Amino acid sequence: MNAPALQLTLTEQRLLDEFQHGFPLEPRPYARIAEQLGISEDAVLEHLQRLQAAGAVSRVGPVLQPNRIGVSTLAALAVPAHRLEEIAALVSEYPEVNHNYQREHRYNLWFVITAPERARLDAVLADIRARSGLELLDLPMLEDYFIDLGFRLQWT
Amino acid sequence: MDMNVTPHPALEDAVNRALLQAVERGLPLAVQPYAVIGEQLGISENQVITRLQRLHEQGIIKRMGVVVRHRVLGYHANGMVVWDVPDDKVAATGCCLGSVPFVTLCYRRPRRLPDWPYNLFTMIHGHDREQVLARVDHLVRNCGMQDFAHQVLFSQRCFKQRGARYTTLDTRMEATP
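If you read the sequences in order, they're chains A and B. Per the working numbering, the first sequence starts with residue 1, numbered consecutively. Per the working numbering, the second sequence starts with residue 1, numbered consecutively.
So here's chain A without its partners, still in its complex pose (with noise of 0.2 Å):
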């Protein structure tokens, strides 16, 4: 079952709407987007403790271009079901590992595993080759046709 969704007020949707990308690079970034949004700095930091409480705000800060810092990649395998929370836990385990899902597919394990330089994340991949025994799909981004702008609510 679904849990169901947050219900934010309205002053809180358009924090979450208006501030995903620009984010203000001044000294009181907060006390900008109150000045934009109407109301007290005091009131957005209350807010955005609030919604990062919540679980709806994972962080304020900067995304990353993939691939510029370090190196990642997209994997997956085929997991028999029997064998698919022995796995999902194996492959969690490591740090290099930021994401982890199962999805509808026969390759039903799905996680992107991101290091500092390729030979640790091909060291990553060989021991989870190895451990697990599958056979495992090297997926690295080539090109990204992505605009980062964040993501477009609908409230409806």
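If you are wondering where the hints come from, they were derived from the structure by calculation, not from laboratory data. Predicted model, so just to flag it, every value in this text is computed and none were measured. Hints are supplied without guarantee of correctness; some may be wrong.
[Stated by the list, open to error] Between beta-carbon pairs, the in silico distance windows are:
| # | chain 1 | residue 1 | chain 2 | residue 2 | range |
| --- | --- | --- | --- | --- | --- |
| 1 | B | P114 | A | D42 | 54 to 64 Å |
| 2 | B | N46 | A | R106 | 46 to 56 Å |
| 3 | B | A14 | A | G22 | 26 to 36 Å |
| 4 | A | E26 | B | A92 | 33 to 43 Å |
| 5 | B | Q58 | A | D127 | 30 to 40 Å |
Glycine included, C-beta positions come from ideal geometry on N, C-alpha and C.
Chain B: place on chain A using the hints.
Only chain B this time, still in chain A's reference frame:
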């Protein structure tokens, strides 16, 4: 862009690396967040702001702002849509998909034949599966993809999710202000 590019020259700079490490888990929710970070690193508030500005201009920072979690906001369906697009059409198609507002990622990746024929990956969130599938139909029509095979891989379970940590894994990147 090439996967195997050498690191951007800006990342040879130890202060920039320490700065990215300091902010990758988010800015402090404090009145002067950049001053707090400057204090940690032993550089001025103004230095923090200027360096972040530069890193943004250089494309190392893709965007600065609020990072939301879709699921908590009621976006329960998440489909990774994979497409098999002819190589000579992949750039134009990718640009078309990448500019549609509800597409949240659009990457070209290698095929792994015979197992994996798909070379273009998009992520689509929706309130439910029907909405995601309707959005896929919209993409097919809008970007002229009627002849390209595709599959929608809905997510079933999230075992792990957090922001990528590029710097904290690298022992050479100790904070050295």
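Going through the hints against the structure:
no. : hint                          : verdict
1   : P114(B) to D42(A): 54 to 64 Å : holds, 60 Å
2   : N46(B) to R106(A): 46 to 56 Å : holds, 54 Å
3   : A14(B) to G22(A): 26 to 36 Å  : holds, 28 Å
4   : E26(A) to A92(B): 33 to 43 Å  : holds, 39 Å
5   : Q58(B) to D127(A): 30 to 40 Å : holds, 33 Å
The structure shown violates none of the earlier numbered hints.
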